[in-house]
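Student: Take a look at the letters that make up each chain.
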Amino acid sequence: MHLIQRMKIWKQLRRLEQRAKEQPSPSTFVDLGQVYINLDLHDKAERMADDGLALFPKSIELRQLLDCARRGLRHRRAGELRAKLTRSPSSKLFHELASIHLELGDSNALHATCQEWSLRFPDDSGSWLMLGQARLTNFYRDLAAREGQEAVQCLERAARMDPDSTRSRRLLGEVLYRIGAVNEAQKHIQTLRELDPADQEIEHLLSHVATLPDSGSDLNALLAEVESHGSLLHPTLQTVAPAQAADRSITDVRAGLARIAELHGVNRAVFIRGSKAMVKGDIRDGRDPFLRIVRVTAKAAHRFARRLDIGSAAKTVIEGDFGWICICVYGDALAAVQCLESANVEWVLGELQEIVAGALHAAEG
Amino acid sequence: MSKIQEAVVELRHAPGVRGAAVVTNDGLVAASSLGSGLDPEVISGLSSYLMMTTNRSLAEGSYGGCSKLLVNATHGKAVFVQFDQSYLVVLFDQFAEISEADCQVDEAVVRIRRASRLA
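As they're listed, the protein sequences go chains A and B.
Each residue of the first sequence is one higher than the one before, counting from 1 in my numbering.
Each residue of the second sequence is one higher than the one before, counting from 366 in my numbering.
It should be emphasised that the hints constitute simulated quantities derived from the structure, not laboratory data.
All values reported here derive from a predicted model rather than from experimental measurement.
Heads up, a few of these hints could be off.
27 angstroms max Cα-Cα, derived DSSO-like pairs, lysine-lysine [unchecked claim]:
| no. | chain 1 | residue 1 | chain 2 | residue 2 |
| --- | --- | --- | --- | --- |
| 1 | A | Lys-58 | A | Lys-21 |
| 2 | A | Lys-11 | A | Lys-21 |
| 3 | A | Lys-280 | A | Lys-299 |
| 4 | A | Lys-84 | A | Lys-58 |
| 5 | A | Lys-299 | A | Lys-58 |
| 6 | A | Lys-21 | B | Lys-433 |
| 7 | A | Lys-299 | B | Lys-433 |
| 8 | A | Lys-280 | B | Lys-433 |
Only chain B is shown next, with the shape it has when bound in the complex:
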């Protein structure tokens, strides 16, 4: 198992996390650990649509890039953390407090960044 996959699998055990994945900017799944009912292809497609749309509108407005994006929906939550060529997607259930998993997300981000650099 790669270091990135390890970090994602560990993150999956954080409270309220339904799934986590590392998706490349062009929409390929580099690593994933998702709960039942979550399809990695669907997650990567939707995530890259959201990140691309947001980044494009920010760039058009000369705002620079988006480093982190949080979506709080009626039945679930999602956090996206941008890396150089990819981003981490973490999906939470509706009752989860994202702030409670902040430490685990930050830790995973550091591990993925380190592993990406080494790679």
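Next comes chain A alone, as it looks inside the complex:
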């Protein structure tokens, strides 16, 4: 690229940066991000996508931009790792490189890397675990029996080579119970429990698996059955748990709002997530101005903080003749109250934080 071309691009870049600041919209962020990607500045493109998603969390184009930027960063890192491995091969570098290939979904590069890894470090179970993970991803995506067999073989080999590794057993246990080999899966999960008795998740998994009927231990037949039916026999623990967690989360939020509405001086309280709001106190309907004030101010404060490079605006307090409006935001969850000057604002903010953090925790769980 000669100098004039380069100068033209930089000029266009400045113009786009200015536009993104003055008229933020998903397309301005995407345009700017694409220029960064064309200039090989994937880190800047990633930051741009992050900034855009903070303002427009539902934008598909911005998610695609973020994905593209991250892929670019991973490709660059893979190149660096390959150069390092040529100079001084180590198991850690192979692991990182294989993980990148796995994330990129580059099966050929992953196989080549794992092959070299297992040749150079034959006692390291990592290459088999990584191959097992890749095969397992393919199996869950296509439900092809062949991929399932390969995945089980790789994971069994990894578990044999490193009997104390929990990762391979966990994956193995999960695929086995999902295809119907419940008794076989239980053996692996029992071993997991012995390896880490304090892990509550294993306990939950064990209780979940105990409720499922066993369909035998002929893995080839079970995998063929899955392929012909086009569906796995049993659901994961996570697909069963979210409904319960969501119910619990709503109950907790409702209780939290009721508690906060009873505090001295509090007139109204609201919890907002996405387009849904739960209210308590003097709020007429979904068009009540209080809801709009809370949303608009929280978004503006968030933008202010991001642009100023001071992170995310978690708590915002507005003071006026109306009293106080206290807002607490974490992720996409927001809780706010309007209260009189006589209310204890610190206390109110603490309660709001509890509601929002609780809702987020339940959602992540």
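Mind docking chain B on chain A? Use the hints.
Tutor: Below, chain B without anything else, positioned relative to chain A:
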């Protein structure tokens, strides 16, 4: 140095304060004392965006104006105090307790109000 600038410079020495500025409602910097890495133009632009957006949404809801606004972010804090035609912006670092600088902020507010009236 004007009285307003003096008040802002003094406020800058309060515990945890990274910078302070007086910005007119239309976004011009009347006085500022900011730490390194803080650009007065950026501060005024972002502050007027935040104050204008908040005041507009309050006005649309018939709530009246905002007299003070506090923003507590992960890596910093900010306080805005509204005057008639301008507002004071005080930026704090993330470890600062805003309440510890309340006295200094209030004192600066009184001095700026007095100086504005005289002007």
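Student: So, for every hint listed, does it hold in this structure?
Tutor: Checked hints:
1. Straight-line distance between C-alpha atoms of A:Lys-58 and A:Lys-21 comes to about 19 angstroms, which keeps the hinted pair within the 27 angstroms bound.
2. For a cut-off of 27 angstroms, the pair hint linking A:Lys-11 to A:Lys-21 stands: about 16 angstroms separates their Cα positions.
3. Taking the CA atoms of A:Lys-280 and A:Lys-299, the gap is about 22 angstroms. The hint holds against a cut of 27 angstroms.
4. Proposed proximity of A:Lys-84 and A:Lys-58 is contradicted: the alpha carbons are some 39 angstroms apart, above 27 angstroms.
5. The hinted pair formed by A:Lys-299 and A:Lys-58 meets the criterion: a straight-line CA distance of about 14 angstroms does not exceed 27 angstroms.
6. At roughly 25 angstroms between alpha-carbon atoms, A:Lys-21 and B:Lys-433 fall within 27 angstroms of each other, so this suggested pair holds.
7. Between A:Lys-299 and B:Lys-433, the direct Cα distance comes to roughly 17 angstroms. Compliance with the 27 angstroms bound is thereby established for this hinted pair.
8. Proximity of A:Lys-280 to B:Lys-433 is assessed by CA-CA distance (about 25 angstroms); at most 27 angstroms being required, the pair is judged to hold.
Consistency with the previously given hints fails for number 4 only.
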